[in-house]
Amino acid sequence: MAVTASLNLLVAVCLGYVALLFLVAFAAERAALQGRGGWLRSPVVYTLSLSIYCTAWTFYGAVGYAARSGLEYLTIYLGPTLVMIGWWWGLRKLVRIGRTQRVTSIADLISSRYGKSTLLAVFVTLIAVIGTTPYIALQLQSVTASFASIAQADPNAAPLEDNRNIALWVAVGLALFTILFGTRNLDANERHHGVVMAIAVEAVVKLAALMAVGVFVVWGLGGGVGETLARIDASARGHWQVDGARWAGLTFLSAAAFLTLPRMFQVLVVENDDERHLRTASWAFPLYLMLISLFVVPIAVVGLETLPASANPDQFVLTVPLSQGQGALAMFAFLGGFSSATSMVIVAAIALATMVSNHIVMPIWLRLTGGGAVMSGDVRHVVILSRRLSIAAVLALGYLFYRVSGGGAALATIGLVSFAGVAQFLPALMGGILWRGATRLGALVGLSLGFALWIWCLLLPSFGVGVVISEAVLTQGPWGWGWLRPQALFGITGIDPMVHAIIWSMLFNAGGFILASLVSFPTPLERLQGAQFVNVFQHSARTQNWAGGTAQSEDLLVMAQRILGPAQSQALFQDEARRQGLAGYLPEPNPDFLARLERELSGSVGAATAHAMVGQIMGAATVSVEDLLAVADETAQIMEHSSQLEAKSAELTRTARQLRAANEKLTQLSVQKDAFLSQISHELRTPMTSIRAFSEILRDGGAVDPAMQSKYAGIIHGEAIRLTRLLDDLLDLSVLENGQVSLNLRSGLLSEVIDHAVAATGLENGTLRLHRDRQAEQVMLQTDLDRLAQVFINLIANAQKYCDAQAPELTIAVQARDGELLIDFIDNGAGIPRAAQAVVFEKFSRVSDQKAGGAGLGLAICREIMARLDGSIAYLPGQGGAAFRVTLPLAQRLAAQ
Amino acid sequence: MSRKPQPLFLERRSYRQRRLIDAARLLPVLGSVLFGLPVLWPSGPEGGLPTSSAILYLFGMWILLVWLSLVIARHLRDDDSDTAGDSPSQPDAGGWR
Chain Y
0 MAVTASLNLL VAVCLGYVAL LFLVAFAAER AALQGRGGWL RSPVVYTLSL
50 SIYCTAWTFY GAVGYAARSG LEYLTIYLGP TLVMIGWWWG LRKLVRIGRT
100 QRVTSIADLI SSRYGKSTLL AVFVTLIAVI GTTPYIALQL QSVTASFASI
150 AQADPNAAPL EDNRNIALWV AVGLALFTIL FGTRNLDANE RHHGVVMAIA
200 VEAVVKLAAL MAVGVFVVWG LGGGVGETLA RIDASARGHW QVDGARWAGL
250 TFLSAAAFLT LPRMFQVLVV ENDDERHLRT ASWAFPLYLM LISLFVVPIA
300 VVGLETLPAS ANPDQFVLTV PLSQGQGALA MFAFLGGFSS ATSMVIVAAI
350 ALATMVSNHI VMPIWLRLTG GGAVMSGDVR HVVILSRRLS IAAVLALGYL
400 FYRVSGGGAA LATIGLVSFA GVAQFLPALM GGILWRGATR LGALVGLSLG
450 FALWIWCLLL PSFGVGVVIS EAVLTQGPWG WGWLRPQALF GITGIDPMVH
500 AIIWSMLFNA GGFILASLVS FPTPLERLQG AQFVNVFQHS ARTQNWAGGT
550 AQSEDLLVMA QRILGPAQSQ ALFQDEARRQ GLAGYLPEPN PDFLARLERE
600 LSGSVGAATA HAMVGQIMGA ATVSVEDLLA VADETAQIME HSSQLEAKSA
650 ELTRTARQLR AANEKLTQLS VQKDAFLSQI SHELRTPMTS IRAFSEILRD
700 GGAVDPAMQS KYAGIIHGEA IRLTRLLDDL LDLSVLENGQ VSLNLRSGLL
750 SEVIDHAVAA TGLENGTLRL HRDRQAEQVM LQTDLDRLAQ VFINLIANAQ
800 KYCDAQAPEL TIAVQARDGE LLIDFIDNGA GIPRAAQAVV FEKFSRVSDQ
850 KAGGAGLGLA ICREIMARLD GSIAYLPGQG GAAFRVTLPL AQRLAAQ
Chain C
0 MSRKPQPLFL ERRSYRQRRL IDAARLLPVL GSVLFGLPVL WPSGPEGGLP
50 TSSAILYLFG MWILLVWLSL VIARHLRDDD SDTAGDSPSQ PDAGGWR
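If you're matching them up, the sequences are chains Y and C in order.
For the first sequence, numbering that gives the first Met the number 0 gives the first residue as 0, with consecutive numbering after it.
For the second sequence, numbering that gives the first Met the number 0 gives the first residue as 0, with consecutive numbering after it.
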């Protein structure tokens with residue numbers, strides 16, 4: 000069906016389309032307000048909103064570009080593709096920072112990274128305005144040109160006398176739309192759902208339109224894929240003909256611009272609802288770019304073939320269907336181009352207006368009216384008004400540029416020139432989020448150098464020779480300085496002007512940025528922000544900048560109400576008060592709350608302004624070195640405290656260990672005592688039993704035979720002696736322990752004492768072999784010789800009883816050392832088990848139960864005796880058997896001599 | 000306070016995730032190489048590569064990259080707040096990460 004594309008119909012369709020967009024935006028806003036906006040925040044909408052990258056310049060211009068230069072147009076799409084598939088490197092971080100810091104624009108991000116610098120914000124805003132205005136003009140021109148193309152094909156229409164009126168109406172219409180939906184709410188956190196939805200619809204329309212034309216060209220005119228490819232090869236663009244430097248340079252440029260264009264930053268970071276959307280966009284947006292550039296070459300080649308040589312390749316998307324009588328298709332294509340132009344202008348205007356309003360208008364206004372806390376009335380309407388005026392001003396600038404430049408061919412290159420302009424943000428932006436050492440001075444120096452070179456090498460020459468830069472300057476340099484020629488800096492000629500400008504501006508920009516960062520010193524606030532940005536994934540999302548203060552909560556609330564609106568700020572304050580446990584009262588202005596409030600405010604007026612406003616109330620605009628030192632002090636105190644605690648806990652552990660050991664010993668002693676009690680009753684019981692039995696026999700006259708009587712009496716006597724000895728031992732120990740013993744000091748030879756002991760134990764008749772060194776034993780002693788002999792007897796008797804060797808031996812070794820006399824009794828038996836060594840001298844201690852000879856008092860008595868004699872007795876481990884060392888002080892021996 | 004001994008065997012899933020993150024990081028490098036190759040092609044009106052071949056190559060690689068990106072994005076876990084692959088940040092200011 001052939002619909003003639005009349006101008007009237009076009010205007011009608013156009014107005015209908017605009018009405019539809021209004022409706023979509025309105026419905027989306029309503030849905031979001033009523034909380035039914037779940038589908039508004041889908042990754043698909045996010046991906047589609049990114050398509051504002053594809054403006055009218057790419058919609059119409061790509062075909063023209065391909066018709067003139069072949070496949071080079073692809074670089075414009077390859078760069079963003081690489082950025083998107085590499086989202087894990089930069090975009091993810093950028094989006095996270097944008098969300099945690101409540102960034103409102105690229106100027107806001109750069110300024111807050113470098114210590115919330117107002118100067119940087121203003122500078123970035125100016126560059127963005129200068130770089131974007133021509134681009135807006137380009138969109139106006141493309142709409143006008145497409146109107147003209149349709150009008151030419153309409154025989155009934157009167158020739159358009161003045162295209163500029165169309166441009167004006169378009170500009171006014173766009174301003175209205177943007178103001179209506181772009182400044183509906185202030186807080187950047189409440190995204191512009193209406194606008195985003197409208198541009199998502201437009202994204203679908205422009206993709207569908209371009210693909211429809213493409214399909215028509217390939218299958219309607221070209222005769223299928225194979226045929227079309229053959230026709231492409233046969234055309235004037237049939238061979239690969241791309242300058243390698245331009246290919247690489249433009250790919251880099253488009254990648255950089257994708258990140259730094261204010262409108263791209265707006266949709267990528269500011270309007271992002273959910274970081275996870277990036278995951279989908281990482282593959283979906285490259286797919287979109289691929290699809291939109293798929294049919295560009297076929298359209299260009301068919302256009303070149305079928306249309307007269309005088310036809311403007313930039314309009315092929317429209318003129319090819321028109322020439323084939325496809326009015327409806329042409330209309331669709333027009334709507335696609337219209338969508339591309341309007342969506343770009345709307346978002347660019349919002350982004351620029353936010354920057355201009357937050358970083359230029361509001362600071363000036365605040366200064367003029369004397370500051371945040373003291374002004375009267377609601378600031379919100381001021382902010383909104385300033386945004387609306389900024390939007391109008393941005394569009395007016397674009398229109399003016401279009402008028403002044405005459406809408407001629409000069410605009411054609413503006414797309415890339417504009418890209419190169421905003422790409423100057425790249426070093427400051429990426430350096431800022433990747434390198435903590437980047438400073439404000441570095442960003443300023445880098446931006447200035449890059450911006451200056453961009454103006455000199457690219458912007459001024461782009462207006463055409465003789466417009467701003469004369470032929471002479473271009474060929475000879477200013478004032479004849481050849482090394483300053485705009486397209487051959489430092490005398491290096493032969494580089495493509497675009498590549499030349501990119502290389503030098505980016506080199507000087509990045510170089511200046513790094514060098515100035517290295518030599519300058521950041522302020523504390525810069526360092527804090529730098530750490531927050533670079534380590535955004537480690538830090539909890541917090542911009543801690545207020546260290547205590549005297550801010551009045553009331554003042555803060557008054558200020559917040561003026562910016563956020565009464566309802567929202569009261570809700571914020573109430574929520575904070577609840578969190579602080581002060582429900583019903585105003586919250587304490589603690590650092591947490593101030594940081595949160597500042598973040599909320601910065602969503603409306605930008606970080607630098609919000610910081611300044613809170614700062615005026617707080618009376619402290621920056622973090623001082625003292626604050627940082629205080630923080631460091633606190634840390635040191637905490638560390639010291641914890642080390643003290645550690646020492647105390649070590650002490651406690653030691654004490655506990657000692658207590659445990661003591662407790663073990665006590666338990667063991669108690670067990671021994673119990674064992675002894677049962678032993679002693681057994682020991683007492685056995686002799687008593689036999690005494691009783693035999694005495695009963697004697698009493699009852701059971702033993703008539705005197706020999707038997709005498710034997711029984713002997714047994715009774717022996718048992719009585721045993722009992723007496725046992726009781727003597729106990730008494731002896733008790734006396735010794737209580738210190739009631741009286742010593743009978745006498746002089747005598749040690750050898751005699753040992754002789755006496757050996758004789759008393761009956762060793763001469765036993766199996767135990769004795770080794771003695773009689774020479775060493777000739778020592779005169781002055782001590783209680785009887786008691787000493789008692790110790791020796793005990794030790795020798797022990798050896799007799801417990802030495803379990805085949806041929807038991809006992810060695811008595813005597814030596815004098817360090818003023819002491821050491822007498823060792825060493826046998827060749829198994830010795831005393833390690834566990835028993837600790838308790839062998841305790842009372843009632845018995846090494847083994849089966850060799851029950853005594854009551855376990857012998858060694859205990861020995862120890863007590865030796866303590867009375869000022870000596871000691873100890874078990875000597877590691878001698879190949881049981882070994883006891885008796886130590887006597889030698890002074891007594893000397894005194895005796 | 001004794002440090003916990005490092006486990007000898009990493010959890011398979013988190014290991015996969017880290018390698019997937021590596022792949023996500025390397026993808027733009029691969030893309031740059033693939034899209035950079037045309038610089039080496041013979042150029043010019045005579046003897047230059049046919050445009051149809053160039054189109055087939057470039058768009059083919061484009062689709063390949065989109066597909067790879069889709070696969071990686073699908074398998075990366077949602078809780079990407081951890082920076083498993085990142086080296087721990089230096090406490091000192093300055094230094095590229």
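Quick caveat, the hints were computed from the structure, so don't treat them as lab data.
Where is the CB? At the ideal position from N, CA and C, for every residue including glycine.
Any given hint could be a false lead.
As the list claims (entries may be wrong) - Facing chain Y, according to a computed beta carbon distance under 7 Å, are these residues of chain C, among others:
1. Y14
2. Q16
3. R17
4. L19
5. P27
6. G30
7. L33
8. V38
9. P49
10. L69
Hint numbers not upheld by this structure, sorted from lowest to highest = 1, 2, 3, 4, 7
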